[in-house]
Amino acid sequence: MTGAPDGPPTRFEPPVGAESSPFWEATGDGRLLVQWCTACDRGVFYPRSFCPHCAAPGSALEWRTASGRATVYAAVVEHRPEAAGTAFSGGRPYCVALVDLEEGVRMMTNVIDCPPDEVRSGMAVTVTWEPLPDGRQLALFRPAGGEAR
Amino acid sequence: MEEERVDRVDRVRHVGRVDRTLRGAAAIVGVAEDVSPTGELDRTGRELEVAMVLGALEDAGLTLADVDGVCHAESAVALAEYLGIHPVFMDSTMTGGSSYEVHVEHAAAAIAAGVCDVVVSVYASTPRSNRTRRRPAARRVQPGPNPMVEWDLPYGLRTPMGPYALAAARHMHEYGTTPEQLAQIAVSTRQWAALNPRARHRDPLTVADVLASPLQVSPLHLLDCCLVTDGAGAFVMTSAERARSLPKPPVYLLGAATCSDHMGISQMPDLTTTPGVVSGARAFAMAGLSASDVDVLMGYDSFTITALLHLEDLGFCHKGEGGPFAAEGTLGPGGGPLAMNTNGGGLSFTHPGMYGMFLITEAVRQLRGECGDRQVEGAHVAVAHGSGILLSVMSTAVLGTEATL
Numbered sequence: 001m002t003g004a005p006d007g008p009p010t011r012f013e014p015p016v017g018a019e020s021s022p023f024w025e026a027t028g029d030g031r032l033l034v035q036w037c038t039a040c041d042r043g044v045f046y047p048r049s050f051c052p053h054c055a056a057p058g059s060a061l062e063w064r065t066a067s068g069r070a071t072v073y074a075a076v077v078e079h080r081p082e083a084a085g086t087a088f089s090g091g092r093p094y095c096v097a098l099v100d101l102e103e104g105v106r107m108m109t110n111v112i113d114c115p116p117d118e119v120r121s122g123m124a125v126t127v128t129w130e131p132l133p134d135g136r137q138l139a140l141f142r143p144a145g146g147e148a149r
Numbered sequence: 001m002e003e004e005r006v007d008r009v010d011r012v013r014h015v016g017r018v019d020r021t022l023r024g025a026a027a028i029v030g031v032a033e034d035v036s037p038t039g040e041l042d043r044t045g046r047e048l049e050v051a052m053v054l055g056a057l058e059d060a061g062l063t064l065a066d067v068d069g070v071c072h073a074e075s076a077v078a079l080a081e082y083l084g085i086h087p088v089f090m091d092s093t094m095t096g097g098s099s100y101e102v103h104v105e106h107a108a109a110a111i112a113a114g115v116c117d118v119v120v121s122v123y124a125s126t127p128r129s130n131r132t133r134r135r136p137a138a139r140r141v142q143p144g145p146n147p148m149v150e151w152d153l154p155y156g157l158r159t160p161m162g163p164y165a166l167a168a169a170r171h172m173h174e175y176g177t178t179p180e181q182l183a184q185i186a187v188s189t190r191q192w193a194a195l196n197p198r199a200r201h202r203d204p205l206t207v208a209d210v211l212a213s214p215l216q217v218s219p220l221h222l223l224d225c226c227l228v229t230d231g232a233g234a235f236v237m238t239s240a241e242r243a244r245s246l247p248k249p250p251v252y253l254l255g256a257a258t259c260s261d262h263m264g265i266s267q268m269p270d271l272t273t274t275p276g277v278v279s280g281a282r283a284f285a286m287a288g289l290s291a292s293d294v295d296v297l298m299g300y301d302s303f304t305i306t307a308l309l310h311l312e313d314l315g316f317c318h319k320g321e322g323g324p325f326a327a328e329g330t331l332g333p334g335g336g337p338l339a340m341n342t343n344g345g346g347l348s349f350t351h352p353g354m355y356g357m358f359l360i361t362e363a364v365r366q367l368r369g370e371c372g373d374r375q376v377e378g379a380h381v382a383v384a385h386g387s388g389i390l391l392s393v394m395s396t397a398v399l400g401t402e403a404t405l
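Going down the list, the protein sequences come from chains A and B.
Mapping the first sequence onto the working numbering, position 6 (from 1) lands on 6, and the numbers just tick up by one.
Mapping the second sequence onto the working numbering, position 59 (from 1) lands on 59, and the numbers just tick up by one.
Okay, chain A solo, but in the shape it has when bound (with noise of 0.2 angstroms):
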């Protein structure tokens, strides 16, 4: 956790893998990155050295910044955030989701925007951040509106 104990509702702070330091520096400027691997012409996420598809290595992986959109694949509302030890949400109940970005990888987030228990499977979502303390950004997303699937 980071901020001090009266300052701003605060989040865990990732670690930066040991492939990851492209997605993060982009984040700072607003931009999702997803690996492509260009021998099977798949999505790879989480970021890795070599394509879990098939096996091609690091070579065959290239960044490129996704499109943002993204489908809710499934949702659930955290009703207890200190259980759960979260600070973030200012102790109300929040929406956490996986969900399945348009170049076909799916992560995991916060969908915000909208009370957490109107999120939906299906559900359109587009990409939107939120400031990390050391210029990073986290991946949040909010409803696009109207029903992707």
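These are computed hints drawn from the structure, not numbers from a lab.
Some chain B residues flagged as far from chain A (calculated, every beta-carbon gap over 10 angstroms):
#  : residue
1  : R17
2  : L62
3  : D68
4  : E74
5  : S75
6  : L83
7  : G84
8  : C116
9  : S239
10 : K248
11 : G288
12 : G320
13 : G378
Using C-beta positions, here's what the derived DEER-type ranges look like:
#  : chain 1 : residue 1 : chain 2 : residue 2 : range
14 : B       : L211      : A       : A83       : 15 to 21 angstroms
15 : B       : V77       : A       : T10       : 40 to 46 angstroms
16 : B       : R134      : A       : A83       : 16 to 22 angstroms
17 : B       : R17       : A       : G30       : 46 to 52 angstroms
Covered, in the sense of this in silico footprint (three residues per stretch, anywhere, with C-beta under 8 angstroms from a C-beta of chain B), are these stretches of chain A:
#  : region
18 : 17-27
19 : 69-82
20 : 87-95
21 : 103-113
22 : 116-122
Values in this document were obtained by computation on a predicted structure and should not be read as measured data.
No residue lacks a Cβ here, since even glycine has one placed at the ideal position from N, Cα and C.
Add chain B to chain A, keeping to what the hints say.
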């Protein structure tokens, strides 16, 4: 999307080549367990583990001098040193709650291959009394890089229930499964617990009670979640040949298989289908049996949704029909076609963290006919189906009496 699903179903239905030489090669010949209705035990740590090892050996009519194989989810070597024995087989496989089903599989394979003769596996954990008696809790540190810390932890998904809540939410979306149907699993399991004097919770429970309990990570309520109790257990395995010379009726391993398809929940290919589809199909193929042959299912119930997924993935009902199947209420006592979690399960009996050991001890006692009020009449085939980490590692052990060989 539809194409993707067909590909997935096709992939998981692929059983692969199943060697059947393990069928009937080894047997569980001794078990021990320690639990209390208070949820707390006085002993802890190695003292408790040693008591379980000696108890299971006594049950088997064997002594420590007979043991030449040791399984332990943290360090088989350290346990062997403490016991003062010199094993020729050691297995420290740690797959979370399914570790002990994996130990059954590995021990049987080692025995069948002639690597060793008598294997003991043991588990003890006292999370409840550690808290009430302010014991410093032993912290397990996951070795190696852990992508979950980088990609999941910032979003505040509470573990372990959060990932299971995601699976439940997706199952509800795809198949119309309801909170009432999930709640019935807790109710049926409580009915079994009422027949077990050592169960933590034995009071009658209704679907309304479950739905009225506080939401934790929705859609899961408090009573959709397993207990946190102390508990310990052990089992002893040996060759079928040696088993026949021992005092208790041998419980033979007829089929065993394990499969993992992710570690973190973000990487699970399909939240509504566990790798139990693979472990179950392979274990049944080895046994030459199917779900309809099973008298007792000991299916890891960390949460109601966990047990529901086992019912589908092991073939007791079709994919998506677990909700209506459970809602019939026939999984409890009363002579239904399938008895599930007859000890009262992780939901009402005990759950010290890695519950898989208790699936085995109960399955063995059912097949020996030692279960008193909760005995399933004429039980010959029992399945211990463990679920480890976050629906990540499923391990299925099909067990049978002499009559099933």
